[in-house]
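So the sequence lines, in the order shown, correspond to chains L and W. My numbering puts the first residue of the first sequence at 2, with every later residue one more than the last. My numbering puts the first residue of the second sequence at 2, with every later residue one more than the last.
Hints in this document: simulated from the structure, not taken from any laboratory. There could be a bad hint or two in this list.
When chains are identical, the list treats them as one kind, so a pair holds in a single copy or across two.
[Said to hold, decoys possible] Quick list of in silico lysine-lysine cross-link-like pairs, DSSO-like style, CA-CA up to 27 Å: (1) Lys169 - Lys30; (2) Lys37 - Lys25; (3) Lys42 - Lys170; (4) Lys37 - Lys169; (5) Lys170 - Lys151; (6) Lys37 - Lys151; (7) Lys67 - Lys170; (8) Lys37 - Lys148; (9) Lys25 - Lys133; (10) Lys25 - Lys42.
Protein chains: 2
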Amino acid sequence: MTEEGQGNGKHRNPVPAVDFLISKDDNSKILLVRRKNDPFKGMLSIPGGFINEGEIAEDAMRREAKEETSLVVEPIAILGVYSDPKRDPRMHTISVTFITRIVQGNEEARDDAAALQWINVEDELDRLIQSKQIAFDHSKILNDYKKWMKAAQGSVESTSNLTFWSTKKEQTEEEEESLQIKPTEG
Amino acid sequence: MTEEGQGNGKHRNPVPAVDFLISKDDNSKILLVRRKNDPFKGMLSIPGGFINEGEIAEDAMRREAKEETSLVVEPIAILGVYSDPKRDPRMHTISVTFITRIVQGNEEARDDAAALQWINVEDELDRLIQSKQIAFDHSKILNDYKKWMKAAQGSVESTSNLTFWSTKKEQTEEEEESLQIKPTEG
């Protein structure tokens, strides 16, 4: 572990953030935010925000969910970690993306959310992506969520390695085989 | 998303890092590092390091694996994200923890690794934790890995929500049921 550049008062590391998929109707619907501000003003994004020093990632997620949607949510799983330096035009951010469920409240657009919109991932996502309405790298995240949702619903084989990252590629069948977890003998 | 404190030249966010489990023998063995330096000098830890600005998390993981163990590794999955402010006594870090497999090379201790040691998770982990030989919050990470490994081996039911975070609790059966993903109708 090299420590150069840590804590020297200059940003030498990506800024950690959370994004989160608020799901309902057996994960088929996801809540998106119509953005009030730049970047990507007017486009749709997954709700999210930065993690403060001293704050646990899942608490940042709960705080931002409350601030932007007024919903109380709880994490179900981590979908993936997205850290492409170009994912946010403002700075290098690294997003921990949670899948969550609503525990309490009714959705109401607040903070930098101009409006909220439930989308049916199976039916509406492709059209929204094609018409370039999705901000940041959230098209990738939402497509990864679609894969997760299908695995969770049992329509593809559920594996225990169903998390995603910026450069994760679709595996060929052969590669998939070599990565497959095999039971230990004996 | 509030932006106060971002990019103002002062650390107002946790510092993102990667840790990684290098596995062999059908995931039953994990490579640990005997620490050459403080904190936790002389204790065992999972290899890891900070993510540099401009660097994708999985590239930071590959770089650190090469630097500390001289192995070429590839990610299989993200085990979890660990962000307890007290996990590292030096500063607030947030760790993206990957599960990896070896693609090339032979392990050799380098950089701040005094030595490397394969441990059998099932047989040796409890003893190492009890004798307080594991650094940072890596006891938690290794226990979470043990759950992941058992799910992967099919000895407990494999679910698609098998990722972990700092405050994730063991669910009661009833809570587990309510979180369970159910197939959509029709």
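Numbered hints the structure breaks, given as an ascending list: 3, 4, 6 and 8
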